[in-house]
Amino acid sequence: MTAPTITTPVALLGVGAAAPSLRLAAKDVAGAWGSGGGRGTVALCDADEDTLTLAWQAAVRALAAAGVDVGDLSGLWWGTTRPPFAEGPSHAFLATALGLGPGATGLLCAGSPHAGMDALLAAWDALAAGHARIALVVASDALIPGVGTAGESTTGAGAAAYVLGALDPAVSGGNGSGTPARLVARATRVMAVVDRYRGDAEAATGDVYDGRLFREEVFVPLLAAVGRAAGPGEQGGAPVQWAMADPDGKLAPAVAKRLGGTLVSAPLQAALGDTGSAAALLGAIQGCAGIETPGVLGMIAYGGGRATAVTLEVARPVPGTAEAVAAVGGGRPVSYVQAIRARGQLEPMSDPIPMGVPPAGAAFVRGNVEMLAFEGAKCRICGVISTPPSIHHRCTGCGGGDLDVVALARTGRVQTFVVNQTMPPPFQAPLPMVVVDLDDGARIMVQGSPADADDLAIDDMVQLSLRLYATERGIPVYGYKAFRVAPSPGGASDEARASSGARGATDQGRNGAGRSGR
Amino acid sequence: MSWNKVAVVGAGLIKFGELFEQSYEQMAAGAFDAALANVDKGLDRRSIDAAIVATQRGTLWGQEGIGGNTVPSALGLSGIPCTRVENACPTGSDAFRIGAMVVASGVHDVVLVIGVEKMRDKSAQEGLLARAASGHPLYNRGETAPVLFAPFATRHMHEFGTTPEMLASVAVKNHHNGCLDPYAHFQNEITVDQVLASVPVCSPLRLLDCCPQTDGAAAIILTTAERAHEFTDQPIFVAGFGVATDHPYLHEKSTFVGLPATTAAAERAYAMAGVGPADIDMAEVHDCFTITEILDIEDLGFVEKGKGGPASLAGETALDGRIPINPSGGLLAKGHPIGATGVAQLTECWWQLREEAGERQVAIRSGYALQHNVGGRGSGVAVVNILTRHRT
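If you read the protein sequences in the order shown, they are chains A and B.
So for the first sequence, the numbering used here puts the first residue at 1; every next one is plus one.
So for the second sequence, the numbering used here puts the first residue at 1; every next one is plus one.
Hints listed in this document are in silico derivations from the structure and should not be mistaken for laboratory results.
Do not take every clue at face value.
Among chain B residues calculated to face chain A with C-beta under 8 Å, some are [to be verified]:
{"#": "1", "residue": "Ser203"}
{"#": "2", "residue": "Thr245"}
{"#": "3", "residue": "His390"}
Here are the computed distance ranges between Cβ atoms for each label pair [to be verified]:
{"#": "4", "chain 1": "A", "residue 1": "Gln428", "chain 2": "B", "residue 2": "Lys305", "range": "34 to 42 Å"}
{"#": "5", "chain 1": "A", "residue 1": "Ala203", "chain 2": "B", "residue 2": "Glu18", "range": "38 to 46 Å"}
{"#": "6", "chain 1": "B", "residue 1": "Arg391", "chain 2": "A", "residue 2": "Arg473", "range": "54 to 62 Å"}
{"#": "7", "chain 1": "A", "residue 1": "Pro425", "chain 2": "B", "residue 2": "Asp193", "range": "45 to 53 Å"}
{"#": "8", "chain 1": "B", "residue 1": "Lys305", "chain 2": "A", "residue 2": "Glu87", "range": "36 to 44 Å"}
{"#": "9", "chain 1": "B", "residue 1": "Asp193", "chain 2": "A", "residue 2": "Pro89", "range": "50 to 58 Å"}
{"#": "10", "chain 1": "B", "residue 1": "Glu25", "chain 2": "A", "residue 2": "Pro359", "range": "32 to 40 Å"}
Heads up, the beta-carbon is just placed ideally off N, CA and C, and yes, glycines get one too.
With the rest of the complex left out, here is chain A (with noise of 0.2 Å):
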């Protein structure tokens, strides 16, 4: 059969992206391993990163940016190669953490880089239907290459982040012409091949194909083909850019050569390395960034022997852009051993000694859903908020009753604060802690940035942000980490505001009664 071309637009609101804090210079890994050459850099995670934390980051920022309410979302659909939870629950831990709340839908796709796509077609088959009429879409990906391979130099890994609405009236004011950029075409090629691949209980990814012979006979005319059946290049006026997933920085030139147009993506690539299936998302938000609007851009994705054009029409800039562009930026240089220890390739003989409470345990079950929700409980009769919910099923301040679950705030300031240097494993020293006195009023303890431990002082406004704690007895733990941001009187950000949740997050009263003696 031949897959149709699908033709029924959809409005694209806002965009975000994020990036993982540390980058890795292919000639280091060149050096190590006593190789010449190797260009770019690879952008990997620290050991408190991973593709779920990096899915909320850029999440959270698309959801700033289109000046949508988390409360007003008809799901989640999230894209990523490899999800935390191989089985499990990867999209109810990333949904919560994001405020969707016990109601949220959507889904998950897995198992290639072209899930990220997977997601967005997915989303815009609901909003389509009618069954969505805001969705947020997020492709995220933190793969870990084999030590010593290939994908060394090239796997990177990021984040893109969409806020996709229906074209009705109440979402983009009729036919969509109003909204700033629209999904208007998609094509989808499948070819059963082995490419790159990762079996089941394997840690690392690898490449098993011979390079030439599959750009030659594979890549290009497969991208080719969705290329031009998505019809970006049929839509007049300015000439099409294109974005487009790149596993060895050769692919895309050669695709964007052969479709005709400019190839966008390039920098992106260049700096972070291949994000899997964020790629084609990431690289379509830099093209958004430097269109001349109107214009058109078309995006494709590659995985797992499907490949996926989608043409996008840019009528204005779309908002999140500039500040995507500006997210993945920067990032900390590692030396090759600082990379391959935080890609947990380079472990201590010891085995880690079993910490905290099991997550298979009842307190942890009641516990991990209120940290992710970052809830507090609000006292109806004084407003003091006592966190968390789980141990206060009284006022801490005066001792009622009578107590509301809130989302808390997501920024606040430094009430006091440590830097813990000795800390058994898993964690690693130094590692501050912190006591913030959060912007509507409750105080919570949490750990801070180690970046941040030489600078941290009382009073800093800090910022809260998902993070992986830790991974006890093989499962991920998840909860936030408070993070220095430049001491801004104005209060919260847009990104915090927005990260707070529907519940909660418009009520800022200040907790009065019960704290004075602070």
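Starting from the structure of chain A, add chain B where the hints point.
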């Protein structure tokens, strides 16, 4: 008018340290024998009517199910009523308080309060550090023991200008006192410079700002005020005590420059004893970290809030100072075997009030001594006991 219904007629302890060669039971037996030996007129071990055992963490030496049944057998007292008390770092001091109430109730006349703790049978990483990740499964991740007190140092420095030198002066003083106490874990002098040059453990605290992990045991024999003279001509009386709780988690604290549980427990103890801070001749207080002693002396009313640092630096808390604090060497030098700590502090108060403390003897003027522990996650519980040599 003090409470004074109950008297201490014997007290003793074993030398604290890393006692790898002794079992939990051997330590308990050693402390009991020491207390018996210190009863002036002698006391037949079969006179013990009941025992209260203070052990905070059986898990630290591998016996998860430790209860009150372990100790009597080890002491040759199998068959007597015995109950284990656990109340965080004040475990020993609360066991003493409960023992006093048992005697005062008239149910048992002669009660043994014995604190025993094995801190070093497991490695630090398997023991204290690993256990410090208890509590809420996520909110307190990374919270090792120093994290429970170091944030108070950060804030105290911020608000009152307390300096690292002031903190260090507490460790220097307590190590000096420890040199004079044959039961102390550490018997070496240190300098302010050495404290400031020791490795950072949990900034702003350094290694020598922290108490060690110490094994130990201590025992006290209580009886009624009426029967005290059967055993000694110099009984020491329980003048009063107080216990108070506070919200247990650090993020629930109303202040980071004081410990409200200490203040409330002290108020209750002072009221019960009918005395005030100015009547106290010496105090054994909870100095698990240097900052803790500074908070304690403020919260107990010995110095004004915020002045604990300068007072320590100026020597006001030294053996010959205005209010001698921790003449035994404190937790910093004598050690902190949790369940034994409070009982050992009370033993020191007993010696001091009887003026039997030798080189570390302080001047006894009013005849009152105070003992204090605070702990439990973020200082969620404090106990204060006040002893006196006055019968009424």
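Hint by hint, here is what the structure shows:
1. Ser203: holds, 4 Å
2. Thr245: It is violated, given that the least Cβ distance between Thr245 of chain B and chain A is near 12 Å, above 8 Å.
3. His390: Hint violated; His390 of chain B Cβ to chain A Cβ min 36 Å, cut 8 Å.
4. A:Gln428 to B:Lys305: 34 to 42 Å: holds, 37 Å
5. A:Ala203 to B:Glu18: 38 to 46 Å: At roughly 41 Å between Cβ atoms, Glu18 of chain B and Ala203 of chain A fall inside 38 to 46 Å, so the hint holds.
6. B:Arg391 to A:Arg473: 54 to 62 Å: Given a distance of about 60 Å, which is inside 54 to 62 Å, the answer is holds.
7. A:Pro425 to B:Asp193: 45 to 53 Å: violated, 33 Å
8. B:Lys305 to A:Glu87: 36 to 44 Å: violated, 56 Å
9. B:Asp193 to A:Pro89: 50 to 58 Å: holds, 54 Å
10. B:Glu25 to A:Pro359: 32 to 40 Å: holds, 37 Å
Of the hints listed earlier, those the structure fails to meet are numbers 2, 3, 7, 8, in rising order.
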